[in-house]
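Got chain B sorted already, so can you dock chain L onto it with the hints?
The listed protein sequences derive, respectively, from chains B and L.
Residue numbers for the first sequence, in the numbering used here: 1 to 261.
Residue numbers for the second sequence, in the numbering used here: 262 to 522.
In case anyone wonders, no lab produced these hints; they're calculated from the structure.
Treat the hints with caution; some may be incorrect.
[Claimed, not checked] Once the Cα atoms are required to be at most 25 angstroms apart in a straight line, the calculated PhoX-like pairs of lysine-lysine come out as: (1) B/251 x L/444; (2) B/209 x B/180; (3) L/522 x B/180; (4) B/183 x L/522; (5) L/427 x B/224; (6) L/470 x B/93; (7) B/224 x L/522; (8) B/256 x L/485.
This structure is a prediction, so every number in the text was calculated from the model and none was measured.
Here are the chains, one letter per residue:
Number of protein chains: 2
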Amino acid sequence: MANKNEPVILITNDDDITSPGIRNLVEAVKNMGKVVVVAPDKPQSGMGHAITIGSPLRMNKMNLFGNDVEAWQTTGTPVDCVKLAVDKILHRKPDICLSGINHGANHSINVIYSGTMSAAMEAAIEGIPSIGFSLLDYRYEADFEPSRQIVQKIVPQILQQKNLDKHLLLNVNIPSVPMKEIKGIKVCKQAYAKYDEEFDERIDPQKKKYYWLTGEFKNFDKSKDTDVWALQRNYVSVVPVQFDLTNYTLKQKLEKKNLFK
Amino acid sequence: MANKNEPVILITNDDDITSPGIRNLVEAVKNMGKVVVVAPDKPQSGMGHAITIGSPLRMNKMNLFGNDVEAWQTTGTPVDCVKLAVDKILHRKPDICLSGINHGANHSINVIYSGTMSAAMEAAIEGIPSIGFSLLDYRYEADFEPSRQIVQKIVPQILQQKNLDKHLLLNVNIPSVPMKEIKGIKVCKQAYAKYDEEFDERIDPQKKKYYWLTGEFKNFDKSKDTDVWALQRNYVSVVPVQFDLTNYTLKQKLEKKNLFK
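So here's chain B without its partners, still in its complex pose:
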């Protein structure tokens, strides 16, 4: 049972509950509090902030991380997992929500598509301090050892900071290099970057066309305080994220122009 003073740490991800990334995240923080894992039963990369509306969800308790770590797999999206965890498993808000460690980058515009970051954002909307971690290596056999050390550096700091932001949410990306090559941890802004999409058009055995999404990542942001800039120089990037999407500059312009009388 949980010691009453130890923090409750909710862990989720989008790669699925059996992925090395989430196992490494659990290992990194399991001595910092009571860890509860609620994660999808299948890969959910690119699910963004999807929720399950038209069909019901299932949950199964599993022993995947040893007896000290309560773990549930669900049939839902990463966002569903956070909702289920708070309402049906913890019956309270955890002290922190950690999402990841994602296999692959979630810097710049990826924050929009990422199931990892959407789960973390869902927790932040609820007022739970929340951090998404991503390693810039999508391979199953990626080396998560440096990432574990980064997690152990960042999480205790955030657990101690009670009043930084009511909806604290951080997007942490970690370069795929040995620990000794990591230059430090940099607070950054989200780079303006996007994918140049090209669909790979193919013909199936029934002679019908089908399309695979492919795309080349392009960074259009030349400023030196972006996450892409920091990662290219082997810094860990930390972007504080918000869910108020109002474009206040454009709001002012529209009000001044009074277009919609």
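Then chain L, alone, in the frame of chain B:
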């Protein structure tokens, strides 16, 4: 064929290509330019910014809106539809992207979960001026006549405004009342509101538990320039939306505290 001077208007939605909302949107703007519809073949509400990574996509050309309107249904998400439209159907950026008219509200925090708004955001990321329209009536038989008039008021204004914002994106919500009761169109900010989730727990015929997502909408934002405030008073709300999610206030605080040395 398209007149060379008339704008190309890309239309998509998240309710599926056969829904009354998209039909009404097409009707409202089909005299303003060359309309091309690329929309999902099944409901995709709540899909957020999901993209299809692990499986291929299909497209079918259909005659659903008369001979003057090119229309394609796809097996993808709303965001996939925009990507496919630009890369495989239009082979260029349209002059504007319109998404909706959604059956149901997308004000306040709904912008995060909404497939309608994510499709519009995807276009805005590409630099295509984009507007999502939503009617506060989720019923199939909702009255879209006032919404059509609102669309006809807003779209020509935005087509004329070339330099308001490189990534212009508007979230338009329309109250479900007769036209004469609509008080006007108000530029607003996104209200801080959220759902108090409660999962409805049930037992299936095999005696296993399953869960339906339910939730009560709660507005925590008391300010008078929010979309929720405007809609409650029968104004159409227009929230300018951005995809730079950086929380600059928190960024400054974190830099000052220098937590991650």
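Now for the hints, and whether the structure bears them out:
no.: 1; hint: B/251 x L/444; result: 19 angstroms, holds
no.: 2; hint: B/209 x B/180; result: 48 angstroms, violated
no.: 3; hint: L/522 x B/180; result: 15 angstroms, holds
no.: 4; hint: B/183 x L/522; result: 10 angstroms, holds
no.: 5; hint: L/427 x B/224; result: 21 angstroms, holds
no.: 6; hint: L/470 x B/93; result: 23 angstroms, holds
no.: 7; hint: B/224 x L/522; result: 19 angstroms, holds
no.: 8; hint: B/256 x L/485; result: 18 angstroms, holds
Checked against the numbered hints listed earlier, the structure breaks hint 2 alone; every other hint is satisfied.
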